[in-house]
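For the sequence shown, full-length UniProt numbering begins at 1 and goes up steadily by one.
Calculated directly from the structure, the hints in this document are not laboratory data. In this text the structure is predicted, and so the values were computed from the model without any measurement. Everything hinted at is true.
Computed cross-link-like contacts, BS3-like style, restricted to lysine-lysine with a CA-CA straight-line distance of at most 25 angstroms:
#1 Lys302 x Lys276
#2 Lys139 x Lys208
#3 Lys135 x Lys169
#4 Lys358 x Lys451
#5 Lys430 x Lys371
#6 Lys45 x Lys69
#7 Lys207 x Lys147
#8 Lys259 x Lys276
#9 Lys135 x Lys150
#10 Lys259 x Lys320
#11 Lys208 x Lys150
#12 Lys147 x Lys172
#13 Lys368 x Lys392
#14 Lys371 x Lys358
#15 Lys208 x Lys147
#16 Lys451 x Lys371
#17 Lys362 x Lys392
#18 Lys365 x Lys392
#19 Lys139 x Lys172
#20 Lys84 x Lys58
#21 Lys208 x Lys259
#22 Lys392 x Lys353
#23 Lys150 x Lys207
#24 Lys58 x Lys69
#25 Lys430 x Lys358
Simulated DEER-style distance windows between Cβ atoms:
#26 Glu47 x Glu133: 46 to 52 angstroms
#27 Lys172 x Asn239: 24 to 30 angstroms
#28 Glu141 x Val189: 29 to 35 angstroms
#29 Ile325 x Thr269: 45 to 51 angstroms
#30 Asp48 x Thr75: 14 to 20 angstroms
The C-beta atom is built at its ideal place from N, Cα and C for all residues, glycine as well.
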Amino acid sequence: MHLLSASCVCALLVAALLHRASSLETINGLYGGTLVIPCNTGAIKAEDILITKWKYDKGDGLSGDLLVKQRDQNTSIIANDEYKGRVSMAANFSLLLSDARLTDQRTFTCMVVAGANIVEYPVNIVVYKTPTELKISDKAEELEIGKPTKLATCVAAEANPAANITWLKNNKPLVADGDGTSIHASVLVDPITGLSTTSSVLEYSAKKEDTNAEFTCRTVEDDQVSQPVTFTITYSTENVVLQVTAVDPLVEGDNLTLKCVADGNPAPTSFNFHLKGEVVKVENANTYTITNVTRDTSGEYKCSLVDNPTMEASEEVVVKYLDVILSPSGTVVKNAGETLDLGLHIDSSEATKVSWTKDNFKLNKEPKFTKVTYSDAGRYECDVTMGLLNQKASFELVVEGAPVIRQLSKQRGDDGQHKVLVCEAEGSPKPSVSWSINGTSLDESPFINGKITHRIKVVPTANLTVSCTVSNDFGMDTRTINVSSRKYHEVVESSHLCSP
1 MHLLSASCVC ALLVAALLHR ASSLETINGL YGGTLVIPCN TGAIKAEDIL
51 ITKWKYDKGD GLSGDLLVKQ RDQNTSIIAN DEYKGRVSMA ANFSLLLSDA
101 RLTDQRTFTC MVVAGANIVE YPVNIVVYKT PTELKISDKA EELEIGKPTK
151 LATCVAAEAN PAANITWLKN NKPLVADGDG TSIHASVLVD PITGLSTTSS
201 VLEYSAKKED TNAEFTCRTV EDDQVSQPVT FTITYSTENV VLQVTAVDPL
251 VEGDNLTLKC VADGNPAPTS FNFHLKGEVV KVENANTYTI TNVTRDTSGE
301 YKCSLVDNPT MEASEEVVVK YLDVILSPSG TVVKNAGETL DLGLHIDSSE
351 ATKVSWTKDN FKLNKEPKFT KVTYSDAGRY ECDVTMGLLN QKASFELVVE
401 GAPVIRQLSK QRGDDGQHKV LVCEAEGSPK PSVSWSINGT SLDESPFING
451 KITHRIKVVP TANLTVSCTV SNDFGMDTRT INVSSRKYHE VVESSHLCSP
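Can you make the complete structure from the sequences, with help from the hints?
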């Protein structure tokens, strides 16, 4: 079959009966992409189609031809205007329109000749374009609390249709309420491309809680979100706090730092520190350090703003102290039987607890010495605690005196032949022990609390009177005991001789 001439095609179209599809279909396409505009959609079988022709509405009742295809022939492109080189036909007779533009938003009609009938399928085209960018600009340098300020401008550039913009604070939408929040939008259309640029200006009255708040803008149609921006919020000081930095507990000799904190923005840079009647001005800093504190440092301290002295804060400083004086102290020497007066003086900032030990063993109560004995000798220590603080004081008690034999006894040996003589004495310094008979020395106990025990073994061959003598620098004492050589009956006599 030969391709019909244009005049023949026109004649066929005139001779056929013209029908129009009952509804106008709308196709959405993306700006710059290829539009696929359907024809017939299967209402007429492909083998029954003689001619397919595409045209478009030029306005004012005029139409422009794009291309035509006869059965079993190649497509003939007849477009010679803005569509030249942009149109082609798919195998299913759809019109392929490349590089979609806003000027393509019109009606395209597919005309199908089948037998004696001509059916037209009009399709309306809408071209969409998302904004090339969504950006916040013209950002305010700072916001003052309670003062309406142009916050920023959000721009959604080159879109179709024009973008609708909403503002958000911390991801929550802002609504124009006429009382602190106002939003003004405008649209500029590019005369060449027809694309629209939307600008939205946010006017906002900031609050203190807006410090570090993130503001963004978003397009309603495609949910694009801009990069977040934050603003410096300026406001006057409403509250002043005095902070005391020191070790806990604060004791004499420590350092403490006073820090004045104001909630204004920008923060004040100069402060007055009231130091118990003295006022010290500090510039370009908000701290003041007191070194080597004493108990006299305790008291009320204040800080205030230099430019507004009524804006002040105060804190109470307490320096804790614990002084312990024990009398006597060091090494105390007493004769047996003498009185020792004990005095403990405590000067403290709080209530205290006192405990005593003797030779590292805990005592149930404070020691009393009406008449010292040898057993009282030892190291005494008091431990005074006040919270986390504690002080210790001690003294060493030495009890001196002439030795005294407390007991002289004898015991039968295991073999029944020898005797064990035991001499127990008290005195200080440590007394020496001597016997009036030669015997085998068994042992001598450690000298503790002025006490000593000495034992010897003898094998008497006759009745004997044995004496034990103890002595030191203060005197001596002697006792005797009768030792019999008989196996069963023994008479014990004892005499007590004491020399100064």
